[in-house]
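What follows is each chain in one-letter form.
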Amino acid sequence: MKKILLTLPLLVILLTAFAPASPEIAIIVNKENTSDKLSAGEVKLYWLRKIKKRWPDINKNIKPVDRKTSCSEQEVFYAKVLGMSASDIETYFTQKQYESAEKPQDKFASDAAIIDFVADEPGAIGFVNISSLSADAKAKVKVVLTIQ
Amino acid sequence: MHPKSNNNHTQQMKKLITIISVCTGLWAGTAHAQDTKIRFFGQPELSNYNTTSKNYFQGVNGMGQYVTKDTTYNSKTNFNTGNYVLFVTSQLNDRISVLSELSFNNKGNTFTYEVQRLMLRYYISDYFSIRAGKMFTPVGYWNNQFTLGLVLQPTIQRPMAIRPVSEGGVLQYRDAGIQFEGENITKARIFYKVLLGNGIGYYGSNDKNDNHIAVTSQLGFEPVDGLKVLASGMFDRIEKGKPNPNGSISSLPDNGNLQLITLSAAYMNSEKKPEFIAEYLNQKSKFDNIGTRSSSSYYVYAGYKINNKITPYALYNNTKAGANTTEGDPYFSPIPVKINLVTVGVRYKFNSNFIAKLEYENNTEKFYYQDIVIEGFGKTDDGFTNTISSNRLRFQVAFVF
Chain X
1 MKKILLTLPL
11 LVILLTAFAP
21 ASPEIAIIVN
31 KENTSDKLSA
41 GEVKLYWLRK
51 IKKRWPDINK
61 NIKPVDRKTS
71 CSEQEVFYAK
81 VLGMSASDIE
91 TYFTQKQYES
101 AEKPQDKFAS
111 DAAIIDFVAD
121 EPGAIGFVNI
131 SSLSADAKAK
141 VKVVLTIQ
Chain C
1 MHPKSNNNHT
11 QQMKKLITII
21 SVCTGLWAGT
31 AHAQDTKIRF
41 FGQPELSNYN
51 TTSKNYFQGV
61 NGMGQYVTKD
71 TTYNSKTNFN
81 TGNYVLFVTS
91 QLNDRISVLS
101 ELSFNNKGNT
111 FTYEVQRLML
121 RYYISDYFSI
131 RAGKMFTPVG
141 YWNNQFTLGL
151 VLQPTIQRPM
161 AIRPVSEGGV
171 LQYRDAGIQF
181 EGENITKARI
191 FYKVLLGNGI
201 GYYGSNDKND
211 NHIAVTSQLG
221 FEPVDGLKVL
231 ASGMFDRIEK
241 GKPNPNGSIS
251 SLPDNGNLQL
261 ITLSAAYMNS
271 EKKPEFIAEY
281 LNQKSKFDNI
291 GTRSSSSYYV
301 YAGYKINNKI
311 TPYALYNNTK
321 AGANTTEGDP
331 YFSPIPVKIN
341 LVTVGVRYKF
351 NSNFIAKLEY
361 ENNTEKFYYQ
371 DIVIEGFGKT
381 DDGFTNTISS
391 NRLRFQVAFV
401 F
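Sequences listed follow chains X and C, in order. Just so you know, our numbering puts 47 at position 47 of the first sequence, and the rest follows in order with no gaps. Just so you know, our numbering puts 151 at position 151 of the second sequence, and the rest follows in order with no gaps.
Chain X extracted, bound-state conformation (with noise of 0.2 angstroms):
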């Protein structure tokens, strides 16, 4: 009995300690924002275009970029930035695109490609895991926040 109740404690924290973490992501903008440092609470506003659908100084159309499927980049993006669950995302772009033609988030399927996309695009903003922003991809785009 005392052996199993001092195996339990160890159990747990080696559980713990080897469960994924979870990643540590870059909200990423292009080169030609003029914002260089943005807040979570400001982030979440301009990727949901909720006061603003274009950016203040370049006036561009905000375009939110996400990834196209499930990831735990997503998940974190989501739970600490927006605080939305994926399905509550999915309506409420459903509810802006139906109500006044406004687009959806563009999706992507891996950070490569929303780097790429981010790099082309002036109004874009975008996430990605912070281990995928090489000295090449961060020539190419602005991070404003980083979220553990």
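If you are wondering where the hints come from, they were derived from the structure by calculation, not from laboratory data. A quick note: this is a predicted structure, and the numbers were derived from the prediction, not measured. Ideal Cβ positions, reconstructed from N, Cα and C, are used throughout, including at glycine. Heads up, a few of these hints could be off.
[What the hints assert, rightly or not] Only pairs whose alpha carbons sit at most 27 angstroms apart, straight line, appear in this in silico DSS-like list of lysine-lysine: (1) C/Lys273 to X/Lys96; (2) C/Lys366 to C/Lys320; (3) X/Lys107 to C/Lys309; (4) X/Lys44 to C/Lys273.
[Unchecked claim] Some but not every residue of chain C turned toward chain X, in silico, with C-beta under 10 angstroms: (5) Asn74; (6) Ser75; (7) Asn78; (8) Val98; (9) Glu275.
[Claimed, not checked] Simulated coverage check for chain X against chain C, where a stretch passes if three residues somewhere in it have a Cβ under 8 angstroms from a Cβ of chain C: (10) 40–47; (11) 110–117.
Based on these hints, arrange chain C on the given structure of chain X.
Chain C alone, transformed into the frame defined by chain X:
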């Protein structure tokens, strides 16, 4: 099949094929930009419908008898395919987007389709953009939020107050014209819309033949995320000799002005559990010679998300056409009527693209007939009332892909 019917069917099919070809062509032409989004809304339904009609006579009926009560029952259960909606939007460039919404339905043995919306939006700034084409009339909250995309609508049926003509209401829920709008003005997030449209009776069709432009405007604010408070007004001209919108009168007796004022408050935030919508509508038909007639209606909707799947809800709707029991409103209903509609239901969200709703509806409509003239018996002084109450159980699945 009758040759004429066959011919009509063939013509319909030809038109449909043309529309689909144009849609496909437009899609193919713009799809390379990956900015065209095509969605398909569907909402099939199973419904059990029980109606009880009670006539309370206080005079003589057609047989010369004094009848105090006459009750008839009607019951039916049916599957209804509902509207299927092909919905396409495209971002043509940084500022211009287009939207088309085409609905398909199968009523009786007739296959019908209709262009619900077809518009272009030019986005100048957050405070000012322009829409042109056929679009939702900016009347109230519900009308601009849900309409045919029932996967987004919290209930199966719209409140009686804002049902379109095709569902027994009088609301001109869409119109062709040009709209100026803006949003997110100041920290109070003020928004406005002004639509100059064809107006009553034309519903966006191109065969308008009068000289009047209807003006519909809306002003509101969103102080808290999801909470919208707004007022809207529609002003148009009523024309003598034209049918009223729901067809209950074939020839309006007089010229006049129509004024519809709505007040709305809604709290619909997907991140919060409570849901609430309340709207009040007051319509005045100001006829040139027979005076002013008015109708009013209000509804209250409330729901509560128990979790991210299940939302029970309730809707109460009260409508009154005519100032009292003796004076109807020719525009809405020439016979004074009072309507009470109670709906309770539950919504189950499988995911954002697939939602099921189960709904019970109790509707009571009381018509007040006055001064009935029966050939051979002269005029009865007291008239009679006709009360129609119906209970309906409905199950609907709504999806979008």
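The hints, checked one at a time:
no.	hint	verdict
1	C/Lys273 to X/Lys96	holds (20 angstroms)
2	C/Lys366 to C/Lys320	holds (10 angstroms)
3	X/Lys107 to C/Lys309	holds (25 angstroms)
4	X/Lys44 to C/Lys273	holds (20 angstroms)
5	Asn74	violated (36 angstroms)
6	Ser75	violated (35 angstroms)
7	Asn78	violated (28 angstroms)
8	Val98	holds (7 angstroms)
9	Glu275	violated (13 angstroms)
10	40–47	violated (count 0)
11	110–117	violated (count 0)
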